Each structure stands twice: as C-alpha cells, then as structure tokens.
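*Asks:* Sequences listed follow chains V and E, in order. Quick note: the first sequence uses my numbering, first residue 1, plus one each step. Quick note: the second sequence uses my numbering, first residue 1, plus one each step.
FYI, nobody ran anything at the bench for these hints, they're computed from the structure. Source: prediction; values computed, not measured. One should not assume that every hint holds.
[To be verified] Restraint-style ranges between C-beta atoms, simulated for each label pair:
#, chain 1, residue 1, chain 2, residue 2, range
1, V, Gly5, E, Asp244, 47 to 53 angstroms
2, E, Asp15, V, Phe24, 54 to 60 angstroms
3, V, Asp246, E, Met84, 52 to 58 angstroms
4, E, Lys14, V, Asp246, 52 to 58 angstroms
5, E, Pro272, V, Ala270, 25 to 31 angstroms
The C-beta atom is built at its ideal place from N, Cα and C for all residues, glycine as well.
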Amino acid sequence: MEKGGPLLKVEHLTKLFPVKKTRFFEEQRHVHAVEDVSFELYEGETLGIVGESGSGKSTLARAILALTKVTSGTVIYRGEDITDFRVPPAKRKLLHSELQMIFQDPYASLNPKIKIGEAICEPMLANGQARNHDEAVKKTRHLLEIVGLRAECFDRFPHEFSGGQRQRIGIVRALAVNPRVLFCDESVSALDVSVQAQVLNLFNALKKEFNLTYVFIGHDLAVIRYISDRILVMYLGKVMEIARYDQLFSDRAHPYTKALVSAIPEPSTAARKERIILEGDIPSAVNPPEGCRFCQRCFMARPECFEVEPDFYEVEPGHFVRCPYMKGGE
Amino acid sequence: MPLVEFHNYSMGFKDDDGNVSNLIDNLSFSIDEGKALGVVGESGCGKSMTSLSLMRLLPDAAVVQSGKILFDGKNVLEMSEKEMEVIRGNRLSMIFQEPMTSLNPVLTIGNQIGECLLLHHPDLAPDEIRARTIRSLESVGINNAEARLSQYPHEFSGGMRQRVMIAMAIINHPALLIADEPTTALDVTIQAQILDIMKGLKGDSGGLMMVTHNLGVVAEICEEVVVMYAGRAVERGTLKAIFDEPLHPYTIGLMSSIPTMTSDKSELPAIPGSVPTIYDFGKGCRFADRCSKCMERCMREVPKSLLVGKDHIVACWLYPEGEVV
Ligand SMILES: Nc1ncnc2c1ncn2[C@@H]1O[C@H](COP(=O)(O)OP(=O)(O)OP(=O)(O)O)[C@@H](O)[C@H]1O
Ligand SMILES: Nc1ncnc2c1ncn2[C@@H]1O[C@H](COP(=O)(O)OP(=O)(O)OP(=O)(O)O)[C@@H](O)[C@H]1O
Ligand code: SF4
Ligand SMILES: [Mg+2]
Ligand SMILES: [Mg+2]
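Sequences and hints are given; from them, build the entire structure.
*Replies:* Structure below.
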C-alpha cells in the first residue's frame, strides 16, 4: 500500500438482487440495491453513511465484507484486491478479523443459550487472537470492563442485558479479534437517547485507544454528523454526495442532502427556517428513475434531470456532489 | 374547563401472584381546547400507558391504583364500556404506535375508514360515507384518493399507511387526538410530511396529545410539555420553559445528550445508566441513581411537584420551594 493512500478503496461497486418472477416468460428484473458506488476510506477516519430506509447502506457494507456476493466492481484493501474475499485462506482469515461488522441488531446475532463471555472467546480462539482458553477469558474480561460492563457479565446470558448493554457486547465481540476497520450498522439507532450518548462516547474513546477506522451507518443525520469526519449520502443505491461533516450546510450540498437537513426537527424553540418538504415516497429500487435518481422528488429538478444521469462533481475541495447545478460558475 | 385532566393518576401491573408494582405515580396534567401537549421521555417511562389509560385500553395485567382522568369533565375511569365506545374513535381518538398492526390487512382502505365513520354515524348514506372518506384521505395529502379507496394496506408504503391512520383518527373530528409516536418508524423526509399534515390539522381540531421520545417533534408541534421519567412527570410547563430553562436534572440531561445538526464534536454529556424497570424503582426520586446532583434526601423521599415559575412545575429536591400543585 502506498503511504498516505486509502486503507480501503471501493470502485464501481454494484449489487443487484434478482426479483422473483411471477410468470415464467417475464423479463428478469432486479433490485438495484447498490449501484456504481465508489469511495475511499482513510486510516483513522470515521466515514458516515446516511440515507433513508432501503437506500442500500447495509447492502454496501455487506458487499464490501463479502457477506453478499458483489455483482460487479472491486474492493481494494491496503492496495490489494479483496473483492468477495477471493484471496488465499490465510489472508482471508486475516481479513475476517481486520474488517469487522457490528450488526444492526446485536441480539439477533447472539446465541441465547451461550454465555456472553464464551460467545466472545470463541472467535478470539478461532482467529488466533488468544493462544488458549485462559488467555481468551482474561482478554474478554478486560474488554468487558473497557466498554463499561462489569467483568461478572462474562457468565450471563444475552436475555439478561438491556439494549445498550447488548450493543456494548456487540462491540466487545468485534474488538476481540483486533480489528482495524469497524463497520457499525445502525449501532445506536435502537437505543434511548441517554444510552445512545454513552455508546457514541464509547465509540469515540475506543477509536483512539485501539487505532480504529470506522464506517458508521445510520439514518439519523445529526448522529452521523456528530460521529463522522466525512459523510457519504446514499439515495436509491447511489452515492449522491461525499462531504466533510462541516460541508453539509454548504450551499453546494446536494438538493437531497439539503432536504434531509431541513427535514430534521430541531429540539429548540428558535424560529425555524422554511422547511423543504419532499413530495411522495422513495421510488422503488426495482425501477429506479432514469436520469438523476432523485429527479421525481427534487425541488430543483429541471427537464434534463429526468433524462441524464448527473456525474459526480468536486464542488469544493473534498466535497463531491452528484448534481450539475451545484458546480457553480453558471 | 380543560379538555382533559389527569388528577393524581396512578397505575401499575400485577404479577402472577397478584402483587401490584406501580408504574405511573401521581400523574397530573391537563390539555386545553386547541392546545398541543407533548409527552416525552425515554422508552419504558410510561408514555404509552398514559395514553392507553385515557383511552381505557390498558393491557390485562394493568391495574388502576388511584386518581381521576377527566375528559369533557367526566371521569373516564368510571365510565362503562358502552359509554367509552361512544367517545372512542369519536370525540377521543388515537393514532397507535404500530401502524402496521393497526390496519386490517384483509379490508380495503376505503372500508376501514368508512367503518369508523359508520360506527358513530349509522344513518349516513353510502354516497356520503364515500365522499367523506375521500375528503379525509385528501386532507392528509393522499393524491388520487378515489382510486385508493379500493386498495389494501399492503399496497401502501409505511408513510402512506401512517396517513391513512391519521385520516381514520380524525374522520369524526375528535375533540382530542392522541398520537403515540406517529412518526417514529418513518424516514425523516416522510416524518416532515406527516408533521406538516399534523400542524395543518391543529387549527381545526381540538386538542392534541403528542406522545414521543423525539424532542425535535415536540418543539415542532407542541405548546406545552410533560417530561416523564419512570412513570412520573418530573417536569412540565410551556415549550419555552422546558426547552429554554429546563430545571430537572433529567430534562437537562436528556436535552444535552442529543447530538443536533449544530452541536460540536466534544464528548456528549451522557446520563450514566439506563431507565429502570418497574421492579427496580427506588424509594425516593426514581432518577436518583443516575442523577449527578443526587442528595441524601433524594434517596429517601419522593420529590413533590412544585410550581416554581409561571406554568412551570418541577419534582426535584433541588427546588424545594414553591407552591404545591
Ligand atoms: N437479500 C435481499 N434480497 C432482495 N432484496 C434485498 C435484499 N437485501 C436488501 N434488499 C433490497 O435492497 C435495497 C437496499 O436495502 P438495504 O437493506 O441495503 O437498505 P438500507 O439502506 O440498509 O435500509 P435500512 O435503513 O432500512 O436498514 C432495498 O430495496 C432492499 O429491499
Ligand atoms: N405486563 C406488564 N408487567 C409489568 N410491567 C409492564 C407490563 N407491561 C408493561 N410494563 C412496563 O411498563 C413500562 C412500559 O411503559 P410504556 O409502554 O408506557 O412505555 P413508553 O414510555 O411508551 O415506552 P416506548 O417509548 O418504548 O414506547 C415498561 O417499564 C414496562 O416494563
Ligand atoms: S430529586 Fe435529587 S436525585 Fe432526583 S433529580 Fe432532583 S437532585 Fe436528582
Ligand atoms: Mg440497513
Ligand atoms: Mg410507547
């Protein structure tokens, strides 16, 4: 890997899911879950991914981590093509520990009959992060304490924990195998706000302590903005914008991002600006609109938007927008 | 006369042995005609049980312990089921927390809304029912309402179903509309549409009780706020009082733990711990074990609800002076 280059590079990644046919002669149609997504992830940063339900956030993460087979495109990790984890077995094992995902619902991914501690020790041993069971137990207890759970939690079962605690267990499980990159999929969405704040603080503290890089997926733009250095905005499977967190309010931001920002009800009594209300629902990912993906709901749409898919423009240094009218100079 | 008044209302749950554990404790608040009240608090604080108490739709294990809930001046806790059926869905209406489970999957949208109307107006002619149903769908922003009447719930998106729920809840022009987390399951752009509709309805409806954990939603729609913690109203007052001069440590903690679009990146002032279950409530203040200001007295004595400013009531021993309400 070249020095200063990206840790992870995703190029033209596409994932289509075939739609079940209802009639034999029907043409095969697809859900365009992720289409032509490209971005770079740098060591030590937190990249946020936001978008409404069904925009392809989870699928993108799953495709990168080879949890679902990509349709086309490449994933490059530390300079090496790791698409679908088609690499020698020893290397694959390493990838499985260096790239970790914390799932949307940590409870569903825990076996209810296995003690929390053992569930954490197991991958540690399998991945060679501990030489024997004793060492795994010791490491696990230590990690439980780091995330604010008492070491006694080791012998308890998943149902004995609250939502916030389960999320912490999910984090411990991911940390147990010495990851470099953590993909956090809606890791704080289901939590009460007071607990959400605890877990967000924890993520920030662990990042420093373990030198982690995060991909943080969510639908709450305020949360994603808080935790992220850069933010990737998805809509109907496409990347509409990549911006530094402080560029979200820029005049050059994508109209969709502007609408998202404006839709958030702010918890304050300050006079509010006129809100941009988007018409209609998110269209189906089976028949995404021609032209710009956002054209049917965009408050700025012009006739061309319904015909030509816009390119991705760099509108300010480090700020990319898929809308020709944000380029400026017109 | 207020539209709704909770007077020292308490309820709890009985276990298999018949022992009752208290959840809602001495809850008092009122809603005036034309006003919107927000009931906020985290999961498990008793928000839904508050609205279900008013609707008289509590689950079987629930037990009313004391107090009164007046609607139109009459205590709903003493009404017969027959009397309740007359006002429920009529003068008193509710949008439930789970929109998916609240619509009947085998009935068309038109039939379901028409049913609500017919239930309280059995003499209406079919044409009139149809016309009013269409109008109600249009009033919540559903285009092409006429064609939509014959469709089934599964043919509607989540946001559309929520609109149908609202249309159904307002078709009889309720004096009070209770909305329990009406936008929680929705994307923000759809939430903005729904809030826009609800704001539009406020003008011509009576009162609104907005139950939510989202302080932004409250700030958007409500004039008054009740903050609930572990079954108690810890603070209530005007929107301005609660948002601009919060006093209770829980209210302050809640406000500052939410990242907003303008917050900086420093550590969030989180409240340690989590909301206790009804079996873990302390003897004194229920917030005591999470409170950074906790004093010895807080562990022993339940804080009184005291009037500390104009229309601003707090239950916390940090503010022991004030008129008892
Ligand atoms: N296994 C699958 N088979 C078919 N379609 C799928 C599959 N997984 C996801 N999809 C579809 O792909 C699209 C993107 O889904 P995805 O779960 O990635 O969205 P998301 O942005 O994570 O949404 P959410 O915020 O609801 O988690 C959706 O239209 C979804 O229905
Ligand atoms: N049958 C029962 N027995 C004992 N406790 C119960 C029972 N049913 C509900 N509870 C308790 O009542 C409280 C639920 O209150 P409620 O549903 O009103 O909360 P809420 O504030 O609406 O929360 P949310 O934001 O999650 O909807 C919880 O603490 C729950 O544990
Ligand atoms: S009564 Fe005491 S413990 Fe309760 S909120 Fe006030 S200061 Fe904190
Ligand atoms: Mg997802
Ligand atoms: Mg509830």
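*Asks:* If you check each hint against the structure, which ones fail?
*Replies:* none
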